[in-house]
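First to last, the sequence lines map onto chains V and R. Quick note: the first sequence, position 101, residue 101 per the working numbering, numbers continuous. Quick note: the second sequence, position 5, residue 5 per the working numbering, numbers continuous.
If you're looking for bench data, these hints aren't it; they were derived computationally from the structure. In this text the structure is predicted, and so the values were computed from the model without any measurement.
When the alpha-carbon atoms are kept at most 20 Å apart in a straight line, the in silico DMTMM-like pairs for lysine to aspartate or glutamate are as follows:
hint, chain 1, residue 1, chain 2, residue 2
1, V, K106, V, E42
2, R, K57, R, D99
3, R, K57, V, D1
4, V, K106, V, D1
5, V, K5, V, D24
6, V, K54, V, D31
7, R, K57, V, D100
8, V, K71, V, D1
9, V, K56, V, D24
10, V, K68, V, D55
11, V, K5, V, D31
12, V, K38, V, E15
13, V, K54, R, D99
14, R, K57, V, D31
15, V, K56, R, D99
So these bits of chain V aren't anywhere near chain R, every CB distance computed over 10 Å:
hint, residue
16, N7
17, S12
18, N27
19, M29
20, D55
21, K56
22, N57
23, R61
24, L66
25, K68
26, S69
27, Q113
Where is the CB? At the ideal position from N, CA and C, for every residue including glycine.
Residues per chain are reported as follows:
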Amino acid sequence: DQQVKQNSPSLSVQEGRISILNCDYTNSMFDYFLWYKKYPAEGPTFLISISSIKDKNEDGRFTVFLNKSAKHLSLHIVPSQPGDSAVYFCAASAVRGGADGLTFGKGTHLIIQP
Amino acid sequence: KAGVTQTPRYLIKTRGQQVTLSCSPISGHRSVSWYQQTPGQGLQFLFEYFSETQRNKGNFPGRFSGRQFSNSRSEMNVSTLELGDSALYLCASSLSGFDTQYFGPGTRLTVL
Numbered sequence: 001d002q003q004v005k006q007n008s009p010s011l012s013v014q015e016g017r018i019s020i021l022n023c024d025y026t027n028s029m030f031d032y033f034l035w036y037k038k039y040p041a042e043g044p045t046f047l048i049s050i051s052s053i054k055d056k057n058e059d060g061r062f063t064v065f066l067n068k069s070a071k072h073l074s075l076h077i078v079p080s081q082p083g084d085s086a087v088y089f090c091a092a093s094a095v096r097g098g099a100d101g102l103t104f105g106k107g108t109h110l111i112i113q114p
Numbered sequence: 001k002a003g004v005t006q007t008p009r010y011l012i013k014t015r016g017q018q019v020t021l022s023c024s025p026i027s028g029h030r031s032v033s034w035y036q037q038t039p040g041q042g043l044q045f046l047f048e049y050f051s052e053t054q055r056n057k058g059n060f061p062g063r064f065s066g067r068q069f070s071n072s073r074s075e076m077n078v079s080t081l082e083l084g085d086s087a088l089y090l091c092a093s094s095l096s097g098f099d100t101q102y103f104g105p106g107t108r109l110t111v112l
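Based on the provided sequences and hints, a complete structural model is requested.
Rendered as structure tokens:
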């Protein structure tokens, strides 16, 4: 039973445009959400997080939106750059930081085209 | 500040053998978590250690075990290896477990 779902295995976006990556979850106990970016042969790199008490968090070109009633979050990257091409993972936890173990989606491969 | 380091980076073993993987967290971080990444199952939580104690455990058989030392370094052991244990094993550290986890590059284990 997948508790965190990223339904788009891949996404292609033109350089300079907005990239929107989506994530859905089923466990209502999840209280803290994160996005990680992963290049091949490297570990995931933390991008941005959001607590369930907020509906938006922004950090530079990255913005995460949380819709608790829909159990949905999205990551917006504006503007998209070639270096953003990577696999993006959505993760969730019942406690801040994920000491109880982060639950990950299967990832979305973002391809930024010149 | 140095990041999370994992050794070895690559490992080839045969079925039935056992393996030990090592993780050195970021200096000052006391929480270490381990994850398994496979193409079919994605990233799955194995266990988390804080101050030499296992605080949380994922849904993996008892063949998977770990420990943490007083300097926060952690080791993960897999006994009686199976073909399905072939995976990328990732270690992540955080200050307390209740803040951002930072991942190492992983150890790629191949079981033949």
